[in-house]
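> Hey, can you work out the whole structure from these sequences and the hints?
Chains as they are written, first to last, in my numbering: chain R, 1 to 247; chain A, 1001 to 1247; chain H, 2001 to 2247.
Source of the hints: derived by calculation from the structure; they are not laboratory data.
Check each hint, because a few of them may be wrong.
[As the list claims (entries may be wrong)] Heads up, simulated EDC-like pairs for lysine to aspartate or glutamate below, C-alpha to C-alpha not over 20 angstroms straight-line:
| no. | chain 1 | residue 1 | chain 2 | residue 2 |
| --- | --- | --- | --- | --- |
| 1 | R | 143 | H | 2170 |
| 2 | H | 2143 | A | 1105 |
| 3 | A | 1201 | A | 1173 |
| 4 | R | 209 | H | 2102 |
| 5 | H | 2026 | H | 2092 |
| 6 | H | 2096 | R | 173 |
| 7 | R | 96 | A | 1173 |
| 8 | H | 2209 | H | 2134 |
| 9 | H | 2096 | R | 170 |
| 10 | A | 1026 | A | 1052 |
| 11 | R | 3 | A | 1173 |
| 12 | R | 201 | R | 173 |
| 13 | H | 2143 | A | 1102 |
| 14 | A | 1003 | H | 2158 |
| 15 | R | 143 | H | 2105 |
| 16 | H | 2205 | H | 2040 |
| 17 | H | 2003 | H | 2062 |
| 18 | A | 1096 | H | 2168 |
| 19 | A | 1143 | R | 74 |
| 20 | H | 2143 | A | 1173 |
| 21 | R | 201 | R | 177 |
| 22 | H | 2003 | R | 173 |
| 23 | A | 1143 | R | 9 |
| 24 | R | 96 | R | 74 |
| 25 | R | 205 | R | 134 |
| 26 | A | 1096 | H | 2170 |
| 27 | H | 2143 | A | 1009 |
| 28 | A | 1096 | A | 1121 |
| 29 | R | 143 | H | 2009 |
| 30 | A | 1209 | R | 102 |
| 31 | R | 96 | A | 1168 |
| 32 | A | 1003 | A | 1102 |
| 33 | A | 1143 | R | 102 |
| 34 | A | 1096 | H | 2173 |
Bear in mind the structure is a predicted one, so any value in this text is a computation, not a measurement.
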Amino acid sequence: MFKAIVSAETLRTALDSVSVLVDECKIHLNEDGFAIRAVDPANVGMVDLTLDASAFESYEADGGVIGVNLSRLENIAGMASSGQLVQLELDEETRKLHIQIEGLEYTLALIDPDSIRQEPDIPNLDLPAQIVIEGRDIDRAVKAADMVSDHIALGVEEADELFYVSAEGDTDDVRLELPREDLIDLSAGQARSLFSLDYLKDMNKAIPKDGEVTIDLGEEFPVKLHFELAEGQGSVTYMLAPRIQSD
Amino acid sequence: MFKAIVSAETLRTALDSVSVLVDECKIHLNEDGFAIRAVDPANVGMVDLTLDASAFESYEADGGVIGVNLSRLENIAGMASSGQLVQLELDEETRKLHIQIEGLEYTLALIDPDSIRQEPDIPNLDLPAQIVIEGRDIDRAVKAADMVSDHIALGVEEADELFYVSAEGDTDDVRLELPREDLIDLSAGQARSLFSLDYLKDMNKAIPKDGEVTIDLGEEFPVKLHFELAEGQGSVTYMLAPRIQSD
Amino acid sequence: MFKAIVSAETLRTALDSVSVLVDECKIHLNEDGFAIRAVDPANVGMVDLTLDASAFESYEADGGVIGVNLSRLENIAGMASSGQLVQLELDEETRKLHIQIEGLEYTLALIDPDSIRQEPDIPNLDLPAQIVIEGRDIDRAVKAADMVSDHIALGVEEADELFYVSAEGDTDDVRLELPREDLIDLSAGQARSLFSLDYLKDMNKAIPKDGEVTIDLGEEFPVKLHFELAEGQGSVTYMLAPRIQSD
Chain R
1 MFKAIVSAET LRTALDSVSV LVDECKIHLN EDGFAIRAVD PANVGMVDLT LDASAFESYE
61 ADGGVIGVNL SRLENIAGMA SSGQLVQLEL DEETRKLHIQ IEGLEYTLAL IDPDSIRQEP
121 DIPNLDLPAQ IVIEGRDIDR AVKAADMVSD HIALGVEEAD ELFYVSAEGD TDDVRLELPR
181 EDLIDLSAGQ ARSLFSLDYL KDMNKAIPKD GEVTIDLGEE FPVKLHFELA EGQGSVTYML
241 APRIQSD
Chain A
1001 MFKAIVSAET LRTALDSVSV LVDECKIHLN EDGFAIRAVD PANVGMVDLT LDASAFESYE
1061 ADGGVIGVNL SRLENIAGMA SSGQLVQLEL DEETRKLHIQ IEGLEYTLAL IDPDSIRQEP
1121 DIPNLDLPAQ IVIEGRDIDR AVKAADMVSD HIALGVEEAD ELFYVSAEGD TDDVRLELPR
1181 EDLIDLSAGQ ARSLFSLDYL KDMNKAIPKD GEVTIDLGEE FPVKLHFELA EGQGSVTYML
1241 APRIQSD
Chain H
2001 MFKAIVSAET LRTALDSVSV LVDECKIHLN EDGFAIRAVD PANVGMVDLT LDASAFESYE
2061 ADGGVIGVNL SRLENIAGMA SSGQLVQLEL DEETRKLHIQ IEGLEYTLAL IDPDSIRQEP
2121 DIPNLDLPAQ IVIEGRDIDR AVKAADMVSD HIALGVEEAD ELFYVSAEGD TDDVRLELPR
2181 EDLIDLSAGQ ARSLFSLDYL KDMNKAIPKD GEVTIDLGEE FPVKLHFELA EGQGSVTYML
2241 APRIQSD
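Structure (structure tokens):
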């Protein structure tokens, strides 16, 4: 059983954070909200999304799992204007999701959850450095790195208490340094890892520019990026595997 | 003889309603205004446009016919900003149209009207249902149908007094229901016909979102869509042939 | 030695005026400001740009010359928002330009100036007519001509004291006439020359729409277009060779 009403904006924001990594996913319709975990086909980027029941206008579910094509669900949600409400109702028999937006009814065929790539276990890493940063600064770093390279290094200089982002191209280099006073918070620790810029560009699309993002970083370790959605009633954690530094 | 001055906006709106169906057309320069009738090359969609002399700042004509390339005439009208006036004058001898927009003079070569596809006779149908609807609701229906199919059904449920639009795709379906209270007016009658979405998408481009549209609908019959232009001093009627329902 | 701070907007405007013609150029880092002269590969269009030291927040230079890839330098300047400052510093040893924008440091590899196309001598022509015109009128003329042809004639009718722009296509013609009262100033003299529209379209991109442009025009002679940048603290002169009229 699943029946819920949610603002189009909240639904879109939640789905976007997953669709930057995968095309299809399982949605867990838990009693206390809905949850998605997914990993991209190359096993490099993972996402863990939860949207609490309180983020919905109304929410009833009893723990089922459905499989959805994300771009189709996003297109439907895109039919609503920001203020409009989207009503979702699962038809258990036909395995279809009925979606209503002010007189418009869309019947979405679901996907067999068993045919969807298995959900990842997101490891509990103990990473030495934590940076709390504005979303717009991540955007700036990613765009600057993109001008010179397809890799990006994130690091912390413990002694100087600063977070840096750097990228080295064939001819040009880019470096962005943010000292403690330009960050929301910093727990300095020795940390530096290299990442594929493509993935970070995709994740950056879903990061709210005016929100805060918590980055957990280590020495040649995966990075975790965490931020909230729907005024704190939803949360997204991305994990991105590092690239091996080649010199 | 033809000499007229018209606001760029009025001219553009009038031409756009025809150019969504055909590239070239005949313009009848009648004494009381100008008129265009045209049918698309596949004989599926027709348009009947009139623009009264009162929609012009000044208008003098004596009943001639000219042939024009619509996209070129639209590009010229597009050079003017919304508030500007466009002055049109026919040179009978050279068969060219002189178009002036504040110091800019464009000389447009006309097309021999005999080389243009013959104008259609728009049949006088007696259709059982009439729906008066806001342009933006047609837009919404067309966009929703476009997500799942390339056909769209328009219909009226006589007993429930509602107008509906539905589209069935390979996996997903869409249905928009508008009861009498969400319409401007409804004369309910048994009616349902299936149409090619491509044509309706083209016609929708020319339908003013904030204007009202009168739809005449029957049972597997052509649909008529009628709306006004230029604050009521112009009018457009589209007619679209139905597709045969294949099951 | 070169070290300067300049608003992102001023830097971008100056670079744009050169990059419409060439991809790479030499920048002369003179004591009193920086200067660029360049000619396009076909020797048809030339640009002469100066940006006075007073256009910068701070400026120190001793007469060196650097070679730069313009699109890369423009992309970097594009990372700054309009109000932000860009700090430029030449590292003489590594031949790299360090560019800083609020915590972001970009290291740009320079190009050997000797590998860049030689700078043109811009001839001192004594042209019989001078037109001072608003940038937006050039924009209008170029867009109108582009609808019918890939050539554009600029001319002055001495007796009528008017400046005209005309273009003749295979079927349609365009003519824009601006009498003295619609110009900022006019020194009438016999003048008419034909130009390639592609070049004038490129130059038009860099011409400020709300600024004034001085046009020096002759009889089958090159045209000079002159305008100011950075509130008068910079200046651009374009010179464009005429096309031979073929009839």
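> Compare the structure with each hint and give your call.
Against the structure, the hints:
A hinted pair counts as satisfied when its Cα atoms are at most 20 angstroms apart, and residue 143(R) with residue 2170(H) does not qualify at roughly 46 angstroms. Proximity of residue 2143(H) to residue 1105(A) is assessed by CA-CA distance (about 13 angstroms); at most 20 angstroms being required, the pair is judged to hold. A distance of roughly 18 angstroms separates the Cα atoms of residue 1201(A) and residue 1173(A); the hinted pair therefore holds under the 20 angstroms criterion. With a C-alpha separation of about 18 angstroms, the suggested pair residue 209(R) and residue 2102(H) falls inside the 20 angstroms cut-off, and the hint holds.
Only pairs whose Cα atoms come within 20 angstroms are accepted, and residue 2026(H) paired with residue 2092(H) is accepted, the gap being roughly 16 angstroms. With a C-alpha separation of about 10 angstroms, the suggested pairing of residue 2096(H) with residue 173(R) holds against the 20 angstroms cut-off. Proposed proximity of residue 96(R) and residue 1173(A) is supported: the alpha carbons are some 10 angstroms apart, at most 20 angstroms. Note on residue 2209(H) and residue 2134(H): the hinted pairing holds, with a Cα-Cα distance of about 7 angstroms set against a maximum of 20 angstroms.
With a C-alpha separation of about 13 angstroms, the suggested pair residue 2096(H) and residue 170(R) falls inside the 20 angstroms cut-off, and the hint holds. Proposed proximity of residue 1026(A) and residue 1052(A) is supported: the alpha carbons are some 16 angstroms apart, at most 20 angstroms. For the proposed pair residue 3(R) and residue 1173(A), the alpha carbon gap of about 19 angstroms is at most 20 angstroms, so the pair holds. Between the alpha carbons of residue 201(R) and residue 173(R) the distance comes to roughly 18 angstroms, so the proposed pair stays at or under 20 angstroms and holds.
As the CA atoms of residue 2143(H) and residue 1102(A) are separated by approximately 14 angstroms, the hinted pair is consistent with the 20 angstroms bound. Between the alpha carbons of residue 1003(A) and residue 2158(H) the distance comes to roughly 31 angstroms, so the proposed pair goes past 20 angstroms and is violated. The straight-line distance between the Cα atoms of residue 143(R) and residue 2105(H) is roughly 13 angstroms, inside the 20 angstroms bound, and the hint therefore holds. Between residue 2205(H) and residue 2040(H) the CA atoms are separated by roughly 16 angstroms; this keeps the pair inside 20 angstroms, and the hint holds.
Restraint check: the Cα-Cα separation between residue 2003(H) and residue 2062(H) comes to about 10 angstroms, which is no more than 20 angstroms; the hinted pair holds. Among the hinted pairs, residue 1096(A) with residue 2168(H) is consistent with the structure: their alpha-carbon atoms are about 14 angstroms apart, no more than 20 angstroms. Simply put, residue 1143(A) and residue 74(R) have alpha-carbon atoms about 14 angstroms apart, close enough for the 20 angstroms limit, and the pair holds. A threshold of 20 angstroms between alpha carbons decides the hint, and for residue 2143(H) with residue 1173(A) the separation of about 46 angstroms lies outside it, so the pair is violated.
Distance check on the hinted pair: residue 201(R) and residue 177(R) sit about 19 angstroms apart at the alpha-carbon level, within 20 angstroms; holds. Among the hinted pairs, residue 2003(H) with residue 173(R) is consistent with the structure: their alpha-carbon atoms are about 19 angstroms apart, no more than 20 angstroms. Restraint check for residue 1143(A) and residue 9(R): the C-alpha separation of about 19 angstroms stays at or below 20 angstroms, so the hint holds. Between residue 96(R) and residue 74(R) the alpha-carbon distance is near 16 angstroms, which keeps this suggested pair within the 20 angstroms criterion.
A threshold of 20 angstroms between alpha carbons decides the hint, and for residue 205(R) with residue 134(R) the separation of about 14 angstroms falls inside it, so the pair holds. Between residue 1096(A) and residue 2170(H) the CA atoms are separated by roughly 13 angstroms; this keeps the pair inside 20 angstroms, and the hint holds. Between residue 2143(H) and residue 1009(A) the CA atoms are separated by roughly 19 angstroms; this keeps the pair inside 20 angstroms, and the hint holds. Taken as a hint, the residue 1096(A) and residue 1121(A) pair is broken in the structure, with Cα atoms around 28 angstroms apart against an allowance of 20 angstroms.
Under the criterion of a C-alpha separation no larger than 20 angstroms, the hint pairing residue 143(R) with residue 2009(H) is consistent with the structure, at around 19 angstroms. For the hint pairing residue 1209(A) with residue 102(R), the CA-to-CA distance comes to about 18 angstroms; that is within 20 angstroms, so the pair holds. The hinted pair formed by residue 96(R) and residue 1168(A) meets the criterion: a straight-line CA distance of about 14 angstroms does not exceed 20 angstroms. With a C-alpha separation of about 16 angstroms, the suggested pair residue 1003(A) and residue 1102(A) falls inside the 20 angstroms cut-off, and the hint holds.
With a C-alpha separation of about 14 angstroms, the suggested pairing of residue 1143(A) with residue 102(R) holds against the 20 angstroms cut-off. A hinted pair counts as satisfied when its Cα atoms are at most 20 angstroms apart, and residue 1096(A) with residue 2173(H) qualifies at roughly 10 angstroms.
When the structure is compared with the earlier hints, violations turn up for hints 1, 14, 20 and 28 and for no others.
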